[in-house]
Amino acid sequence: MSSPVPQIPLKAILGACLGILALLGAGCGSSSDRSGLSGQSDRSPGAAQSTERTSWLTVKNLRATVYRGTSVTSVVRAATATVDQNADVAVLDSVEATIFDQEDWSTRLKSKHGEMFLKDSPERKCSKNDLVLSGGVFMESKQGLTMTVPSVHYLSEKELFVSSGGRYNLQMPVENGSCLSSSGDWFDANKELTNFTGHRNVRGDLIPEGSKKP
Amino acid sequence: MMNLIVRILTKTVCSGAALALSLLVCGTAPAGAQTAGNFKMDAFGSGPMHYEASGTVYFESKGQKLIKAIFKDNVLMKMQNMTLRCDNLVFIPSTSPTSVTLLRALGNPVKIEQEGVKAVCKKFEYFPEQKKTVFSGDAVIEMMLEGKPNTVTGKTITVIQMPDGTLQFLTSGPSTGNLSSGFSGVSTKTEGQEKSPGKGGTGSGKKDNKPAAEDSRTSGTAPLEKITDKAADENP
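For the record, the sequence lines run as chains A and B. The first sequence begins at 1 in our numbering and counts up by one. The second sequence begins at 1 in our numbering and counts up by one.
Bound conformation, chain A alone (with noise of 0.2 angstroms):
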């Protein structure tokens, strides 16, 4: 049975933890044993290593809704998130990450890792709200498009998922019960992944119905 899931948004989370830092002061950064504080991490999840973090913020059971207007654009959710003093990015693990279009949902995603970006990181060349998940990354689409990836990343602002790390597997039904398989070296495609581009080394079959492959 899973645990209740709080519905606070992220911004939230990370004021009222950046305010706990602020009052714990920097000697209590390292303090693994305080509420909703933890030590630094020797994990190190796909992607997410690249800047020193002194300390940590771990949030479990995490719900974070990114907004585009009034409009929900994504929702992440994890099973942790820890964050660093800085708080220009959040690492996630078991996460679950749905990607909306105006009407409904488009694309969900599940890895064991990931990463959401806080802050614009031009040094990863990320910006806010991308995610970059990694480790085992499972997709599927609204059609019915299901993919695995060993990692991917979300460029939240262009709405575009570019795969990098090894080689995609993608299944696509197409009418009448005929399938459509395609591998590549890596990805990009549009946030319904009804405009996707396979690159390099890219082989597939389109099998109808009853069929065996040629």
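Hints in this document: simulated from the structure, not taken from any laboratory. Some hints here could point you the wrong way.
Said to hold, decoys possible - Below, a list of computed lysine-lysine pairs in the DSS-like style, where the Cα atoms sit at most 25 angstroms apart:
id, chain 1, residue 1, chain 2, residue 2
1, B, K111, A, K142
2, A, K112, A, K60
3, B, K111, B, K131
4, A, K125, A, K142
5, B, K111, B, K148
6, B, K62, A, K110
7, B, K78, B, K65
8, B, K111, B, K68
9, B, K68, B, K78
10, A, K128, A, K112
11, B, K123, A, K158
12, B, K155, B, K131
13, B, K68, A, K158
14, A, K142, B, K62
15, B, K78, A, K142
16, B, K123, B, K78
17, A, K60, A, K128
18, A, K110, A, K60
In this text, all values refer to a predicted model and were calculated from it rather than measured experimentally.
Starting from the known structure of chain A, fit chain B onto it as the hints suggest.
Structure of chain B alone, referenced to chain A:
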């Protein structure tokens, strides 16, 4: 009993500048078969398909409908009984996902192989709704007719499936059709002058069975690989 008549007619293209040869092949193909020899038009875009590309593959979809696929760089597409190699391939499915509205391949060169058929050209287009296939750019089609090798060359070769299932070959530009082996009644017209009947049109298969406009690629006795490789070398 073979009942095959081969006619080569003159026909000017729209510009009027180029001479076109029309090869009308009326055969006794089995009912339902879309063949001239072993040439099968319905192999394009039907049945299961395997693809490879060293560059990119683009898919555009709407709902569960694949609208367009574009393959780039060293493209290999294998369908039932057919292999296609090219550098750029556009695949637009029809209402049925495994049939196509358009299949367009671009060069370096385009190579198509079916059982008993090899084609080389710079541009290949298949229009299933019109039952038409167009091979453009120094096109060479080699195929087996009644078990014997035959070659059609031309700047453009258009293959149209007629309502009775036979295939019509229309070639434009400097064109030759070497259908000498095993056929009678071959006649050729080049640049408005008929040379009829073609030499050796009775199945001798000798080198002197050459249409008037024949070049080194049109010999029915030339090895197929040599012919296709020469055509490939001429393509960019």
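Hints, one by one, checked against the model:
Restraint check for K111 of chain B and K142 of chain A: not satisfied, since their Cα atoms lie roughly 38 angstroms apart, outside the 25 angstroms limit. At most 25 angstroms may separate the alpha-carbon atoms for a hinted pair to count; K112 of chain A and K60 of chain A meet this at roughly 15 angstroms. Using a Cα cut-off of 25 angstroms, the hinted pair K111 of chain B and K131 of chain B holds, with the two alpha carbons roughly 20 angstroms apart. In summary, the hint linking K125 of chain A to K142 of chain A is not supported, as the alpha carbons are separated by about 28 angstroms, beyond the 25 angstroms threshold.
At roughly 21 angstroms between alpha-carbon atoms, K111 of chain B and K148 of chain B fall within 25 angstroms of each other, so this suggested pair holds. This hinted pair checks out: K62 of chain B and K110 of chain A have alpha carbons roughly 23 angstroms apart, not beyond 25 angstroms. With a CA separation close to 21 angstroms, the supplied pair K78 of chain B and K65 of chain B stays within the 25 angstroms bound. Distance hint between K111 of chain B and K68 of chain B is fulfilled; the C-alpha atoms sit about 22 angstroms from each other, no more than 25 angstroms.
In summary, the hint linking K68 of chain B to K78 of chain B is supported, as the alpha carbons are separated by about 18 angstroms, within the 25 angstroms threshold. Between the alpha carbons of K128 of chain A and K112 of chain A the distance comes to roughly 21 angstroms, so the proposed pair stays at or under 25 angstroms and holds. Taking the CA atoms of K123 of chain B and K158 of chain A, the gap is near 36 angstroms; set against the 25 angstroms cutoff, the hint is violated. Restraint check: the Cα-Cα separation between K155 of chain B and K131 of chain B comes to about 20 angstroms, which is no more than 25 angstroms; the hinted pair holds.
Our distance criterion of 25 angstroms between C-alpha atoms is met by K68 of chain B and K158 of chain A, whose separation comes to about 23 angstroms. Taken as a hint, the K142 of chain A and K62 of chain B pair is honoured in the structure, with Cα atoms around 11 angstroms apart against an allowance of 25 angstroms. Taking the CA atoms of K78 of chain B and K142 of chain A, the gap is near 30 angstroms; set against the 25 angstroms cutoff, the hint is violated. The straight-line distance between the Cα atoms of K123 of chain B and K78 of chain B is roughly 18 angstroms, inside the 25 angstroms bound, and the hint therefore holds.
A C-alpha spacing of about 21 angstroms is found between K60 of chain A and K128 of chain A, which places the hinted pair at or below 25 angstroms, so the restraint holds. This hinted pair checks out: K110 of chain A and K60 of chain A have alpha carbons roughly 17 angstroms apart, not beyond 25 angstroms.
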